[in-house]
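Sequences and hints are given; from them, build the entire structure.
For the sequence shown, this note's numbering gives the first residue as 1, with consecutive numbering after it.
If you are wondering where the hints come from, they were derived from the structure by calculation, not from laboratory data.
Where a beta carbon is used, it is the ideal one built from N, C-alpha and C, also for glycine.
Watch out, some of these pointers could steer you wrong.
With a straight-line Cα cutoff of 30 Å, these simulated DSSO-like cross-link-like pairs (lysine-lysine) come out [claimed, not checked]:
id	residue 1	residue 2
1	K278	K292
2	K68	K33
3	K55	K292
4	K82	K68
5	K292	K233
6	K5	K68
7	K33	K5
8	K233	K278
9	K298	K227
10	K82	K33
11	K33	K55
12	K258	K233
13	K298	K258
14	K227	K258
15	K278	K258
16	K233	K298
17	K227	K278
18	K278	K298
19	K233	K82
20	K82	K55
Simulated restraints, written as ranges between beta carbons of each label pair [stated by the list, open to error]:
id	residue 1	residue 2	range
21	K278	N70	38 to 48 Å
22	H222	A28	30 to 40 Å
23	G145	G26	27 to 37 Å
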Amino acid sequence: DSRYKDWFFARDYPIQQNPPNYQTCGGAEFLPKLNAANPDVRDHLLQAATYWINKFGIDGWRLDVPWKANRDFWGFFRQAVKRANPEAYIVGEIWRDPAHWLNGDNCDGIMNYPLRDYILDYCVRDHMDAEDFDHFSSRLHQVYGRSAPYQLNLLGSHDTARIRTIAGGNVRRTLLAAVAQFTSPGIPMIYYGDEIGMLGENDPDCRRCMIWNSTEWQADIHAAYHKLIWARKHHAALIHGDLIPLLVFNGVYAYQRKFNDDRVIIVLNPRGEQQQLKIALPANDTLMQTWKDLFTGKIFESSPEGLAIDTLPEMSAHILLSDGENYGKN
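Shown next as structure tokens:
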């Protein structure tokens, strides 16, 4: 007789919890599935969605397992959220079939687990060489199309092992993955504690309490994240720029991010030391120029023949900025 009976999917009555005789999420008896096709349920959820925007100014919503809800509902959800704030960001927790969610009628972006897999295979696991990484990541960006800048790029989450654990504690490989994350098209998402090198196996071990004692932090990782965040904030190319592959050679992958006059060159090398590299630049970028590495401050020179790197250390990355710009400069 409950007025809420049609808010759920009960097979029969009375209600039983073990095993549940009503539809659940993942078989969990404490997560009864809501009937989002019911207008009352829909209105209730849309009021909640807009309440937090209007009352507290939240920036958007992450949709957990959105395929569990009626697809039509997310169209109503998007309309309500965008009316409340046209700039609100809607991101879906999608592990597979991303294009289905990026047609402009539900999500702005997804949690970019496909790109995470490619970054880990290339930078951490050595399952891909540079040619593989360029091929699969480029195809993924093509699938995303115009929505590529709005994907939520991550290395770990509450559902995965932590990045430094996956890297076997290797700080160099951890930082290589972070560089690829921050310099790929999309929005970098840092899972709390990754910026200080926390460890953790798969859920629930990845959900350990934050380490607040800074003496226990991995100082190299923490400093590198500061620099990566600074570079993204100060370089529109890393936010809006096209990705232009420059060199794909065994383990070495070099590419440029370019937006108007802003250019950043990234060089990734998850494998052994390389000597006497020459990286060809786009035809309109072949003037004599000097570049400064974000991490070391080392100066490199480019000419009409290309960008010269005498020695590229093993498991290393360069983010090359126009000479004269220093990390921390306002």
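Taking the hints in turn, this is what the structure says about them:
| no. | hint | verdict |
| --- | --- | --- |
| 1 | K278 - K292 | 16 Å, holds |
| 2 | K68 - K33 | 8 Å, holds |
| 3 | K55 - K292 | 45 Å, violated |
| 4 | K82 - K68 | 22 Å, holds |
| 5 | K292 - K233 | 17 Å, holds |
| 6 | K5 - K68 | 19 Å, holds |
| 7 | K33 - K5 | 12 Å, holds |
| 8 | K233 - K278 | 29 Å, holds |
| 9 | K298 - K227 | 15 Å, holds |
| 10 | K82 - K33 | 25 Å, holds |
| 11 | K33 - K55 | 27 Å, holds |
| 12 | K258 - K233 | 15 Å, holds |
| 13 | K298 - K258 | 21 Å, holds |
| 14 | K227 - K258 | 19 Å, holds |
| 15 | K278 - K258 | 20 Å, holds |
| 16 | K233 - K298 | 21 Å, holds |
| 17 | K227 - K278 | 26 Å, holds |
| 18 | K278 - K298 | 17 Å, holds |
| 19 | K233 - K82 | 26 Å, holds |
| 20 | K82 - K55 | 15 Å, holds |
| 21 | K278 - N70: 38 to 48 Å | 56 Å, violated |
| 22 | H222 - A28: 30 to 40 Å | 37 Å, holds |
| 23 | G145 - G26: 27 to 37 Å | 32 Å, holds |
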